[in-house]
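There are 2 protein chains.
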Amino acid sequence: MKQSQLFPKTRKEAPKEAVSINHKLLVRAGFIDQLMAGSWTLLPLGFRVVQKINQIIREEMNAVDAQEMLMPLLHPKEIWSETGRWDKADEIMYKLKDVHGKEYVLSFTHEEIVMDLLRKNIKSYQDLPVSVYHFSTKFRHEPRARSGILRGREFMMKDLYSAHATEKDLMDYYEKVKEAYRKIFNRLSFNFKVVEASGGVFTDKFTHEFQVLDAGGEDIIYTCDKCDFAQNREIFEGKEGESCPKCKEGKIVKKEGCVEVGNIFPLGTWYAERMGMYFTDKDGGKKLVWFGSYGIGPTRVMGTLVEVSHDEKGIIWHPQVAPFDVHLIELPGGHGEEVYRKLKDAGVDVLWDDREVSAGEKFSDADLIGIPVRLIVSGKTGDKIEWKERTSEKSELLSFEEITSRLNI
Amino acid sequence: MKQSQLFPKTRKEAPKEAVSINHKLLVRAGFIDQLMAGSWTLLPLGFRVVQKINQIIREEMNAVDAQEMLMPLLHPKEIWSETGRWDKADEIMYKLKDVHGKEYVLSFTHEEIVMDLLRKNIKSYQDLPVSVYHFSTKFRHEPRARSGILRGREFMMKDLYSAHATEKDLMDYYEKVKEAYRKIFNRLSFNFKVVEASGGVFTDKFTHEFQVLDAGGEDIIYTCDKCDFAQNREIFEGKEGESCPKCKEGKIVKKEGCVEVGNIFPLGTWYAERMGMYFTDKDGGKKLVWFGSYGIGPTRVMGTLVEVSHDEKGIIWHPQVAPFDVHLIELPGGHGEEVYRKLKDAGVDVLWDDREVSAGEKFSDADLIGIPVRLIVSGKTGDKIEWKERTSEKSELLSFEEITSRLNI
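Protein sequences, first through last, are from chains E and C.
Per numbering that gives the first Met the number 0, numbering of the first sequence is gapless, rising by one per residue and ending at 408.
Per numbering that gives the first Met the number 0, numbering of the second sequence is gapless, rising by one per residue and ending at 408.
One or more of the hints may lead you astray.
Which copy? The list can't say, so a pair holds if one copy fits it or any two copies do.
Distance condition first, Cα-Cα at most 20 Å in a straight line; then the derived EDC-like pairs of lysine to aspartate or glutamate [as the list claims (entries may be wrong)]:
#1 119 / 16
#2 387 / 239
#3 15 / 401
#4 8 / 64
#5 341 / 353
#6 383 / 126
Hint data in this document are derived by calculation from the structure and do not stem from the laboratory.
As the structure is a prediction and not an experimental result, all values here were calculated from the model.
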């Protein structure tokens, strides 16, 4: 698209209250806008990044036979009362009454609502397993709504839920989803650890968190420097520098500044017991359904990507999540429109800086926005195009065919 | 995908409380599930249809240079109070307080929130026009939440907003959007009228509704049988049978049972006046921004499609919005898996009925779900495949190549 039409313009200054890097850079570059504490509009650039993140997640969810759907956000009190959770997270749930006095809670999470849907539709072992997910909005009245888009009061979540006839089937699927999550976070280029966390009241097993390292976050984990052992601070009982309890060879290292981008829970039969979710097994007996839930926060993922990939000039997007494939910069004498048309015809997603501003302003905006490949056309480049990557100082003069070949088009 | 895995199974019986056709058929066929009055889960089949509807809308929005984004659903009272609308639609707005007493309203519509975003980012005539849209959730406490998915309390909306420096620019864009809406509803195969409606407090011009005819709805319009004159019942001052006030040649006809699937509003400067939304014009003067808003309800569109396209056996989807391109029915002796793989490899979106149930059950489910093309493989079809369309009694034996060629693959 034409940058002259892109809404909104970049900003020279970060908001006064912004402390975290993602807050400063995403607002300055025009990816997000704050409506109120913890509540953000995804502006056109930010929306594009989140759509690309979501598509990566969607492909890996579909690969484990999960089915996409969309569940409501306004939930009746009655269903949340069945598990006792109506009162549990009272402080951070948004509750309301309609004009007739009927009470609701805004989607804090969806376990109860999925369970209600399942019990209306699952009668027999032949109806299991079921695996469904959606991308939708969650509302949590976090006392500390800060860290930019890392901790919102209203935020996007991909939540997957699975129901099974046996514990073994649940745990086999749990491992499949753990592997799908590894693929997702690898595709997002994160340096992350799969970290054991408490099972809480739900299970005597561990749950797992996916923690991105060195991401400016508030989480602390303990990992082995040799094997894949990793636990969060709530459950780790050893000390930094000790031998690893798993491999015995490595040493335990403390990692601060982690950000949790995903978590998975083998919830067992806790929900089915409270919500009366039975199925008829092969032998004709009534059995409780085994249940798991699995979350990723796409908007938090976007913020974390900025925390781990930026420099003093701006954001550095990886190609797989960049808002555009290339940033075409037109300087005086360059055939911008012609190259723009040819790139679009070749299937390249282009942001074309067609604005009448100085070269310096164009380059500093391009650095701030962070599209990985910059193409420059000017009076000097003739029938060639200058190719420069966001992370390199080097630039090269290439033909149009060389450009599309490098872009793998 | 394999039908044995599809969630949920079809139902023989419609819900007792269901009156409208879309309610009965969409629930029986497994497209939607009711959480509470006016609140629906889009199940995997329904989600697929809505995604296809949304993609048609998205393409036509992008074609008029609108930019997709995503705005929050929880809105602060302060912003809604600026226009006085906090108190106006009190009965059908969902309002709430958080634990600190701060007041909010759930997204009833987004004019105020978009205006707030614009006034933070628009300073000069050079920043205009702006045209932004999103697909998101609206909450309206309708007293009558019935008619299936036609009238929900929580429902999906595509809402577009545009801001302009002059009335002329707003009205030119308004006509472009009207034309884009015509394209969308033509692509959805609707028999519809563009109907004049009152401008209310916003404008002395008309607003426009897009009304689908013979759709089992509650709206009544008056149209000319010769020209494109059409007005809704609130503003039409003549009588049925009179000469058309526009072309003078045709006669006025009353149409009952219409469903409004879209509406567009040239809101003028009403919002800018109340919210202090000024820009600096070329001459240095401060001027009010001209504003318009434009809505389509994708979930209501899905319900309306069912109302106008079904028979006694079930739904009849048009190919452009069908949940799958083809329904592959495997009967004993048929090479279902082989044909399924080949179709998928050819890029066809297939629902493969791999279930071990009778042929009768497979055919009646296929009629109910309503995918436009049915392919049957059995011991009798040999190395050919039987092609039967949902709306035809005729069936033909075709080769795989003939099938893909007919599907335009």
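So, going through the hints one by one against the coordinates:
Taking CA atoms no more than 20 Å apart as the test, residue 119 paired with residue 16 passes between copies only; the shortest distance there is 16 Å, against 48 Å inside one copy. In this assembly of identical chains, the alpha carbons of residue 387 and residue 239 never lie at most 20 Å apart, being 44 Å within a copy and 69 Å across copies at closest. For the homomeric pair residue 15 and residue 401, neither the shortest alpha-carbon distance inside one copy (44 Å) nor that between copies (65 Å) is at most 20 Å. In this assembly of identical chains, the alpha carbons of residue 8 and residue 64 lie at most 20 Å apart only when taken from different copies (16 Å versus 41 Å within one copy).
Taking CA atoms no more than 20 Å apart as the test, residue 341 paired with residue 353 passes inside one copy only; the shortest distance there is 15 Å, against 46 Å between copies. In this assembly of identical chains, residue 383 and residue 126 lie within 20 Å of each other by CA distance neither inside one copy nor across copies; the values are 61 Å within and 32 Å between.
Of the numbered hints listed earlier, those contradicted by the structure are 2, 3, 6.
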